[in-house]
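Trainee: Construct the complete structure from the given sequences, taking the supplied hints into account.
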Amino acid sequence: MSFIPGQPVTAVVQRIEIMKLRHGDNLILGFSIGGGIDQDPGQNPFSEDKTDKGIYVTRITPGGPAHDAGLRMGDKIMQVNGWDMTVVTHDKARKRLTKKDEDVVRLLVTRKSLEQAVKQSMGGCPQTVT
Amino acid sequence: MDNESTYSGYSYKSSHSRSSRKHRERRDRQRSKSRDITLRGDKSVTIQATGEPLLDAESTRGDDRDDNWGETNTVVTGTSVDSVSNEDLARISKDLEDSLPLDCRRYLSPALGAILGLFALVTPLAFLALPQLLWRDTLEPCGTPCEGLYISLAFKLLILLISTWALFLRPPRASLPRFFIFRCLLLALVFLFVASYWLFYGVRVLDSRETDYRGIVGYAASLVDALLFIQYLALVLLEVRHLQPAFCLKVVRTSDGASRFYNVGCFSIQRAAVWVLDQYYSDFPVYNPALLNLPKSILSKKMSAFKVYNLGEENSTNNSTGQSRSMIAANARKRDNSHNEYYYEEAELERRVRKRKARLVVAVEEAFTHIKRHQDDEATVSSPKHPRELMDPREAAQAIFAPMARAMQKYLRATRQQSYHSMESIMNHLQFCISHNMTPKAFLECYLTPGPTLQYLDTSRGRQWTLVSEAPVTTSLRQGQVFSLSRPDFSLVVTVAPLPFLRLSEEFIDPKSHKFVMKLQSETSV
Chain P
266 MSFIPGQPVT AVVQRIEIMK LRHGDNLILG FSIGGGIDQD PGQNPFSEDK TDKGIYVTRI
326 TPGGPAHDAG LRMGDKIMQV NGWDMTVVTH DKARKRLTKK DEDVVRLLVT RKSLEQAVKQ
386 SMGGCPQTVT
Chain D
399 MDNESTYSGY SYKSSHSRSS RKHRERRDRQ RSKSRDITLR GDKSVTIQAT GEPLLDAEST
459 RGDDRDDNWG ETNTVVTGTS VDSVSNEDLA RISKDLEDSL PLDCRRYLSP ALGAILGLFA
519 LVTPLAFLAL PQLLWRDTLE PCGTPCEGLY ISLAFKLLIL LISTWALFLR PPRASLPRFF
579 IFRCLLLALV FLFVASYWLF YGVRVLDSRE TDYRGIVGYA ASLVDALLFI QYLALVLLEV
639 RHLQPAFCLK VVRTSDGASR FYNVGCFSIQ RAAVWVLDQY YSDFPVYNPA LLNLPKSILS
699 KKMSAFKVYN LGEENSTNNS TGQSRSMIAA NARKRDNSHN EYYYEEAELE RRVRKRKARL
759 VVAVEEAFTH IKRHQDDEAT VSSPKHPREL MDPREAAQAI FAPMARAMQK YLRATRQQSY
819 HSMESIMNHL QFCISHNMTP KAFLECYLTP GPTLQYLDTS RGRQWTLVSE APVTTSLRQG
879 QVFSLSRPDF SLVVTVAPLP FLRLSEEFID PKSHKFVMKL QSETSV
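The listed protein sequences correspond, in order, to chains P and D.
Basically this note's numbering = 1-based index in the first sequence + 265.
Basically this note's numbering = 1-based index in the second sequence + 398.
If you are wondering where the hints come from, they were derived from the structure by calculation, not from laboratory data.
For each residue, glycine too, the CB sits at the ideal point set by N, CA and C.
Treat the hints with caution; some may be incorrect.
Selected chain P positions facing chain D (in silico; Cβ < 7 Å) [said to hold, decoys possible]:
id, residue
1, L294
2, S297
3, G299
4, I302
5, Q304
6, D305
7, Q308
8, T323
9, I325
10, H355
11, K357
12, T363
Distance condition first, Cα-Cα at most 30 Å in a straight line; then the derived DSBU-like pairs of lysine-lysine [unchecked claim]:
id, chain 1, residue 1, chain 2, residue 2
13, P, K364, D, K917
14, D, K913, P, K318
15, P, K384, P, K318
16, D, K913, P, K360
17, P, K318, D, K755
18, D, K917, P, K318
19, D, K753, P, K315
20, D, K770, D, K753
21, D, K755, D, K770
22, D, K753, P, K357
23, P, K360, D, K917
24, P, K384, P, K357
25, D, K917, P, K377
26, P, K318, P, K364
27, D, K808, D, K755
28, P, K315, D, K913
29, D, K755, D, K648
30, D, K839, D, K808
Mentor: In structure tokens form, the structure reads like this:
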């Protein structure tokens, strides 16, 4: 999950589709995010590289839609519905995830175990996103 | 003249009793003599730290000389020491010591300077006066321009006099072993200068009876101008040049390791030595021989553990070295517990000192509560039962000394300072503190910390130091030089290091550029 400035970012990602749950007046997804280009990356407990300013999943409501869809704590969100999430501010990320007219969010997330799994299963077809 | 060396056996007055002091003086003198003689591999010369003026015109040094020094001073002026054996030198110095009570050589240079200065000051006046006296009739009258020159001459002479008084007429601080090069240079310059002026004057004016008086006055004025410039040169060479720091001197006392660092300018070694000694007397804590060594009880235990027997038929030389080597090896193998004892003894000593210090402080505080200063404007009504008697400081000191005397004595014994403070001196100090409204703590500061050496010094007598150096003592300081100043009991080793060259660069910070951001870490639930 480290990046070289100037080079395209490559990572092994997983597609996760979450159906928003209606809770009162709001549509909730059931997880919390942290990070962003306007935040302090040194305090992120989940990132390998402490200069990584991406959006990370910091908490998952057990039994919520995100948990059911397979999102895990510590995942880094790379795309939301096609929009890039690696270089966004925290507020922008929140807005992308909480659009009122969308019921479904399709995320591309990456985590370290994915890369390891790909390496282990050498014959598998890794889905790489650049 | 180059290899001449002098030393003078000024005695070192401590606060010991008179009879022991005399024995000590004699012993010190003998010891210092033999010590100085053995230091001949390096060029060993002595410094007497009492004084020699820098460049004085009129010397007034007779007043501050101690009148009694004649009986205890000795001077040795030896000749070249290269080819004289030790015994010869000892014999010569012993003879001379008995026969030369006065130190003439010290007065030679200031006297020379004084004569020369006086001569130089009188010269312009002589230049003006001689034509008037000798051939007044044939002189052309010169009106206003001459009077203007007279005025300027007078004021310049006045300024010359005042600045000579300010700069050069000071009590001498030290007598140096070698010539003070700058001073000699200046004296030679003044002499040459005045001599050449006199030569010209003699040939052109006196011989030919010059009638242009205005020219003569202008000539005298130019002499005074040049004298002022020479004085400026003297000021720069003697006073100003060494003010900018260039070297860092590390001074370590060999007896107990007390060390200081000083920044000095460009000095010659002997001048730097005088400067270091000036700082030594006010910075270094006093040398206390009683505090030096580990108690014998700790050290001697190591040696008595093994007895080595001579078994073989080796010859004596092999035997002795073998013996000592085996002893050393055996001692090294033995488990060494002396550090333990040292530690415990130190702790015990410290505890004892602290206890006595606490007792002393309490006793002094209590004693000070017994007296208070009498205010004149207080109501003088006193009850007939307790009439207040007014005491002067001496009596007040005596009155309150008794309760604290014992505690003070025990404390001084514990810190081994009892030789530096006699009862008389404590009483005097107490009287001094009372008259100046000092608190008990201020009274005690003199005893709780060992002060600088100057505090215990009898300043009427000079101090004798020996400067030991490998380089000639008139060379200027350089990196890596080491010289030492020794007394019979200890010495100060001085190491020279240059101050680093500083390269300063500038960085401009716009005051508006001080901006801050919060280090955020928000967590939002979606």
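Trainee: Work down the list of hints and note, for each, if the structure agrees.
Mentor: Hints, one by one, checked against the model:
{"no.": "1", "hint": "L294", "in the structure": "5 Å, holds"}
{"no.": "2", "hint": "S297", "in the structure": "4 Å, holds"}
{"no.": "3", "hint": "G299", "in the structure": "5 Å, holds"}
{"no.": "4", "hint": "I302", "in the structure": "11 Å, violated"}
{"no.": "5", "hint": "Q304", "in the structure": "5 Å, holds"}
{"no.": "6", "hint": "D305", "in the structure": "4 Å, holds"}
{"no.": "7", "hint": "Q308", "in the structure": "5 Å, holds"}
{"no.": "8", "hint": "T323", "in the structure": "5 Å, holds"}
{"no.": "9", "hint": "I325", "in the structure": "10 Å, violated"}
{"no.": "10", "hint": "H355", "in the structure": "6 Å, holds"}
{"no.": "11", "hint": "K357", "in the structure": "11 Å, violated"}
{"no.": "12", "hint": "T363", "in the structure": "5 Å, holds"}
{"no.": "13", "hint": "P:K364 / D:K917", "in the structure": "27 Å, holds"}
{"no.": "14", "hint": "D:K913 / P:K318", "in the structure": "22 Å, holds"}
{"no.": "15", "hint": "P:K384 / P:K318", "in the structure": "26 Å, holds"}
{"no.": "16", "hint": "D:K913 / P:K360", "in the structure": "29 Å, holds"}
{"no.": "17", "hint": "P:K318 / D:K755", "in the structure": "64 Å, violated"}
{"no.": "18", "hint": "D:K917 / P:K318", "in the structure": "13 Å, holds"}
{"no.": "19", "hint": "D:K753 / P:K315", "in the structure": "58 Å, violated"}
{"no.": "20", "hint": "D:K770 / D:K753", "in the structure": "28 Å, holds"}
{"no.": "21", "hint": "D:K755 / D:K770", "in the structure": "24 Å, holds"}
{"no.": "22", "hint": "D:K753 / P:K357", "in the structure": "72 Å, violated"}
{"no.": "23", "hint": "P:K360 / D:K917", "in the structure": "21 Å, holds"}
{"no.": "24", "hint": "P:K384 / P:K357", "in the structure": "34 Å, violated"}
{"no.": "25", "hint": "D:K917 / P:K377", "in the structure": "26 Å, holds"}
{"no.": "26", "hint": "P:K318 / P:K364", "in the structure": "22 Å, holds"}
{"no.": "27", "hint": "D:K808 / D:K755", "in the structure": "9 Å, holds"}
{"no.": "28", "hint": "P:K315 / D:K913", "in the structure": "24 Å, holds"}
{"no.": "29", "hint": "D:K755 / D:K648", "in the structure": "33 Å, violated"}
{"no.": "30", "hint": "D:K839 / D:K808", "in the structure": "18 Å, holds"}
When the structure is compared with the earlier hints, violations turn up for hints 4, 9, 11, 17, 19, 22, 24, 29 and for no others.
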